[in-house]
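Chemist: One line per chain: the protein sequences are P and L, in this order. Each residue of the first sequence is one higher than the one before, starting from 1 at the first, in full-length UniProt numbering. Each residue of the second sequence is one higher than the one before, starting from 1 at the first, in full-length UniProt numbering.
Keep in mind that the hints were calculated from the coordinates and are not lab data. Since the model is a prediction, treat every value here as computed from it, not as a measurement. Please note that a few of the clues may not be correct.
Said to hold, decoys possible - Only pairs whose alpha carbons sit at most 27 Å apart, straight line, appear in this in silico BS3-like list of lysine-lysine:
{"#": "1", "chain 1": "P", "residue 1": "K283", "chain 2": "P", "residue 2": "K103"}
{"#": "2", "chain 1": "P", "residue 1": "K287", "chain 2": "P", "residue 2": "K103"}
{"#": "3", "chain 1": "P", "residue 1": "K427", "chain 2": "L", "residue 2": "K76"}
{"#": "4", "chain 1": "P", "residue 1": "K427", "chain 2": "L", "residue 2": "K5"}
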Amino acid sequence: MDIFADLLMGLSVAATPTNLVWCLIGVFLGTAIGVLPGLGPSATIAMLLPATFGLEPVSALIMMAGIFYGAQYGGSTTAILINLPGEATSVVTAIDGYKMARKGAAGRALAVAALSSFFAGTVCTFLIAFFAPPLTELAFRFGPAEYFALMVLGLAASIVLASGHILHAIAMIALGLLLGLVGTDVNSGLQRYAFGFPELADGLNFVIVAMGVFGIGEIIANLEDEARRDLGFAKVKGLMPTREDWSRMVAPTLRGTTLGAALGVLPGGGAALASFGAYALEKRVSKHREELGNGAIEGIAAPEAANNAGAQMSFIPMLTLGFPANTVMALMIGAMIMHGIQPGPGVMTEQPRLFWGLIASMWIGNLMLLVLNLPLIGLWVRMIMVPYHYLFPMIIVFCAIGVFSLSNNAFDLQIMTAFGVLGYLFKKLDCEPAPMLLGFILGPLMEEFLRRTLLLSQGDPSVLLTRPISAVLLIAAAAILLSVLLPAFKRTRSRAFAQ
Amino acid sequence: MVVVKSPKEFYAGAIYLAFGVAGLWFGWNYPMGTAGRMGAGYFPKVLSAALILLGLVALVRGIRINGAPLDPIRLKPFLLIAAACSLFGLMIEPIGMIGGLFVLILLSAMASREFRWSPVALLGAAGLVAACALVFVWGLSVQMPLVGSWFTGG
């Protein structure tokens, strides 16, 4: 099989001492920042992105992927230990994980989370290796119409997957699309919404926007309810799962991995949906379903496997199409561009070492998390206990230096501040920022692809429906949007987000 | 007298509306072009119009549908953090990284309820500045002026 040869080649890239070290640093930093309350994977990556500039592109991407898994993993640790899910994907883990921790089984809960995540990660590494080449082949047949339709599908999915009312998801996307248009129009050279600032001629930098919204905005919101941050958590002892734990986690892990892998490819943040879905599935089919919610192993194994699988599978659209499925992948794409690599189907053929090295490093990163994190749990616990008022000035300092170092431009700090304020207001008003950032990334691309489509068809929009791939994608998008209006789906959705 | 029943909905709508109006206002003169050759104004105008529409719907919903009240906004962290970040941007070139970071750290730390002026706080800030200078400027060779143009005369 070719894939195994390619994977071996990737392994030889990922396993060089330098890349192993960067992967380790990424995984370690990711976990460290991920366990700190109030910083999710997006903020972590945005903050650490500038630190990867000096590296080789492969090492930089490997390190960022490591930060991603690490941050995700750290989120589950806090969910289990202090009932504080770092982000949407570990919300469900907190239900049974924290109950287990309260019963004195925190160590076993953490081990189950780590093991099921590792299993899902391993399976998905192979799935990515298996599916990426044919999808890349398909992507080469994509014209502007297909890309435009794909982006519409991505936005439709992110509307459905956003929490809260659909109206706000749509408005946030429209706002993101509009913000994405700031800068020089490629076709006419006209500067749009630049207000005479030369700094805005290239548009707003995604990393700065993400750091403002996810970093600064989050910090202001956290400081607001500082008083409620009294953390009480259980002692961690006895990491080894019992024989019964092992046998009880097999089926849920398999189910979670399958569901996560299937949903993860969806644009718009499949990982969160995957973990909710996996939990709901366990509630129906598990032999121990009546224990779910009271500290059942299944309630950790299934969603953890699912969200890790989902997170990892979101690399597929990024690697094959250059299409970001979520904000983390958008940051990865940003990093690629900053390293001079044009994301898209060309990466696999033109940069096979980078492509396969990154895929192989996913498995290595997952393995590192498993062997590194369980013994280090004492360290993470101590990190969680560091009072927030010592931490947040440091986070702000890292954001500020990071933003400045992007292009040595002091003006960028004002942009970060503005988006910090905006992010805080959105948080206050319960408006989810993720769809806005997805729109922000896709705005200029959608405009470009729609223009090219219509230029080729001399202004006739019907090509979008007469070309088969584009038609299928658009029909899928319409179906997704219509499904929201179905009462049955509405109920499931509101139940999923109510937890 | 209009009573806002769902403030979150209402103010979110106001933000959408504001962005939509601003988008339309500043993008008014961008050329529309034709369907076959879309001008620079096509996307901005369509999006702004959509935002205005969505904003109005949210405003109406905010007035008519009951919703959760707005939690009070604590102005202190909000203003201090925003001011700290913005000031750092203004100061980095004239005063330099060392002075700028010192102000950034202390000003943002003041946003916390736990903050007290004390030698420990000043020492902590100084230590963090020193660590940043070592790690970023010396270790990762980030191009940042340690002291600014006011002191170097540049």
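Chemist: Decide, hint by hint, whether the structure agrees.
Modeler: The hints, checked one at a time:
no., hint, result
1, K283(P) x K103(P), "holds (21 Å)"
2, K287(P) x K103(P), "holds (21 Å)"
3, K427(P) x K76(L), "holds (17 Å)"
4, K427(P) x K5(L), "holds (19 Å)"
Hint violations for this structure: none, all hints satisfied.
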